[in-house]
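Chemist: Now for the letters of each chain:
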Amino acid sequence: MTDSGGGPELTKGGGGPHDDTPGGGPLVVLENVNKHFGELHVLRDINLTVQRGEVVVVIGPSGSGKSTLCRSINRLEPIDSGTILVDGKKLPEEGKDLARLRADVGMVFQSFNLFAHKTILENVMLGPIKVRKQDKAASERHAMELLERVGIANQAGKYPAQLSGGQQQRVAIARSLAMKPKVMLFDEPTSALDPEMINEVLDVMTSLARDGMTMIVVTHEMGFARKAAQKVVFMADGQIVESNTPEEFFTNARTDRARDFLSKILTH
Amino acid sequence: MDQLFNFTEVFDNLDKILTGFWATIRLAVVCMILSMIVGTVLAVFRVSPTPVLRGVGTFLVNVLRNTPLTLIAVLCVSGLSDVLALRFSDAPSVNGFWWATTALSIYTGAFVCEALRSGINTVPLGQAEAARSIGLTSGQSLRMIILPQAFRSVIGPLGSVLIAMFKNTAIVGAVAYAVEAAATMKLMFFDLGASLPIFIGFAVGYLILILPTGYFFGWLAKRMAVAR
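Protein chains in written order, with my numbering: chain H, 858 to 1125; chain L, 10 to 237.
So here's chain L without its partners, still in its complex pose (with noise of 0.2 angstroms):
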């Protein structure tokens, strides 16, 4: 029972732990910006008037939506990077990071999109027209009346999606960026035998950057809701 709970390797290996949960911060907070582009755009793509940018849209949703995130990092690492030769930087670590975030980012836009499309389904059709006939084109109307309503409106799933790519750095770092917090787990688990304890000190850890990252978009989402 004293070995189960027994915490001084994590307190030992805080610097160690906070080094890889500051990676994985870094990953989170990059692919989210990235992720919000790619999730828009796809959503643009998926409501434009040009049938070949909706199918293009709806084909990339598809296939991104329904691959598992591991083969998408695969491919991007394997694949693009190794083979290919298709490199960021010629550090390993600034490479692995950028095709990191670009697997992440891409599989989560599309997750983005689908969120961002529900959206704008609950924008009525008559702000539309009303800015229309005001004579906005589409792409104004769609900047400026359409998109932030429709924003507003799924901050909360869209949320859920972004806690979920927060965790699924986990997934990208084992592929592609052996720094973050899981992977250094892993490493720990290697070097000091897999315990408890250490699982535990990572899960917290998760817990702190996660649960308030919840919390903030529950009040975000009260906070922007639009009156109708």
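Next comes chain H alone, as it looks inside the complex (with noise of 0.2 angstroms):
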């Protein structure tokens, strides 16, 4: 695995006034989130704080805002109004500065998006080299280390169309890994699958979590959030309904919004 910046002699130094929380300071705080799609208020007030080796579960009903969410911690939607730092650091604007965030910031995405004209290695190879500015030969190593710990060395050559669902979510996940993130987003990972592939990519992710990555994860997928949060945000209508231990929330929802949700999912 890869040293994703989670000891605590790296959290020294961080900036911000964050830094005296135990453990040496959180690494994703939201403060006074909002964010308008045109009349819709799809973020209301979003105040979350993400320790270092944290998995983040949210979950709520279509239309919540929690991809939203995900998406407005590197910047692929600005927001309106609030403050999201990220280490310390608040959101650059875009730019170089934004980009270098990003590039520390790993995104998953429900469609997986693997670049379609390179193969499964160039996929993963492309940010090392053409961001991180690491040697080639380097960077393959460190690409075929990351293909096999996702289960997928043997499909390096070949191109992502040629991959089942599955198998490009992982190479995705190995994608974002090669850039050694501090945190990394998964937006609803698993909910373009056909359902026998579901557990190939959760058994990844939740490796990842065992190892003590930092996560924030949209997601339907209660056995993982069992697993392997530590904490479940449940989302409605554009705020933080309420926010717990996943045991706590799915055993003793507090709200009648988080219990009803519930019941509609658990009842399958």
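Simulated DEER-style distance windows between Cβ atoms:
# : chain 1 : residue 1 : chain 2 : residue 2 : range
1 : H       : Lys1015   : L       : Lys231    : 16 to 26 angstroms
2 : H       : Gly895    : L       : Asp91     : 48 to 58 angstroms
3 : L       : Arg152    : H       : Pro918    : 36 to 46 angstroms
4 : L       : Leu80     : H       : His898    : 47 to 57 angstroms
In silico lysine-lysine, BS3-like type, Cα no more than 30 angstroms apart, as pairs:
# : chain 1 : residue 1 : chain 2 : residue 2
5 : H       : Lys993    : H       : Lys975
6 : H       : Lys987    : H       : Lys946
7 : H       : Lys1037   : H       : Lys953
8 : H       : Lys975    : L       : Lys231
9 : H       : Lys1015   : L       : Lys231
Because the hints were derived from the structure by calculation, they are not lab data.
Even for Gly, the Cβ is constructed at its ideal location relative to N, Cα and C.
Need the complex rebuilt from these two chains, each delivered in its own frame; the hints are there to steer you.
Modeler: Okay, here's the thing in structure tokens:
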């Protein structure tokens, strides 16, 4: 596993007012974040703190703003007001600084988004070579290790369209890991997968969580939430309605809104 | 009937005809390269996040695409070269060649731009998002992810644009570089009298050059297609 920068010595000098929190300061902090899509108020006063090494699962009905929340953390969706801090630093405006920040924040999409004209290996090597300016041979070695780790090393020369959805998503995770990110965002990583492929992706994610990667995961996979998450955040209508440990949330949801949602998805 | 299909004049003047087509090929190849460059730059302007660049790109494409090529060629030769004395070279044939390629390249560039822009629109948004999310700048993402896929998806239409460009060498040739094939034909009509055999000779020449070009682009489009 790559050293994701989760060790306590790395948290010193991170700057910002949050460094006094136990554990060396939270990695991601959202404060009073608001966003509109036209008339629609998709994020309402969002406050969320993610500690180093913490796995946070965000759930909620569709249209509740959970994907937007996830995408706002690397500024794929700019916010209207509030602040987002990643490793103590405020999200930069568009430009070189933002590109640098995004290199430290891994992102896995619902639709995989592997680069369609590049092979699996090239997909994983591109960031390290072009963004991190790493040596090509070293990048290839590291890329093959990561592909080995997600179980796709034997497909390295193929193109994305030749792989199954589950395999593509595992490659996408390897592509993010190749950048040695501080935190990884997962935007419904299993929603576009056939049922029999969901587990192979969740297994990779669970092992990442076990290795101490900081993760923010938008998902409906309750099994993953119970197994790997320290915190479940429930969103509805652009607000964080409830935030609790998985065990508490799934067995003892405090709000009607959450109980109603859970009754709909857990009865199947 | 004998006179209609008497090709001796074509064969007697084969060297002249081949020289004409050689000039056409030189024009076409240089214009192909330049128009691709111009078209790519214009397309980058038109999808740029900077409003000024977008405006400039849109303006240039609209002007170039909606002006007859003859007018652009005449502007280049009579206006820029003759009146304003902007010359590529003191040798008239070299100067004529470069003004002819300039006129045809910027004109064709506008069409290349529009073909390419439709290709950019076929690249799913997620590709750009993934590129940005691994830390590529918008320039890198355009160069390494978006444009390569856009080009591959529009090889077919680009082929049509370039075939039209190939034939348009006859127009800029007439204005600025009267040694290419079509101008050579006109010259032979003057010298020998207009005849169907000479016309057929030149038409076949164009066919021989352009048909394989079309097949080549068809083959290339299939080979380079991006599977999704």
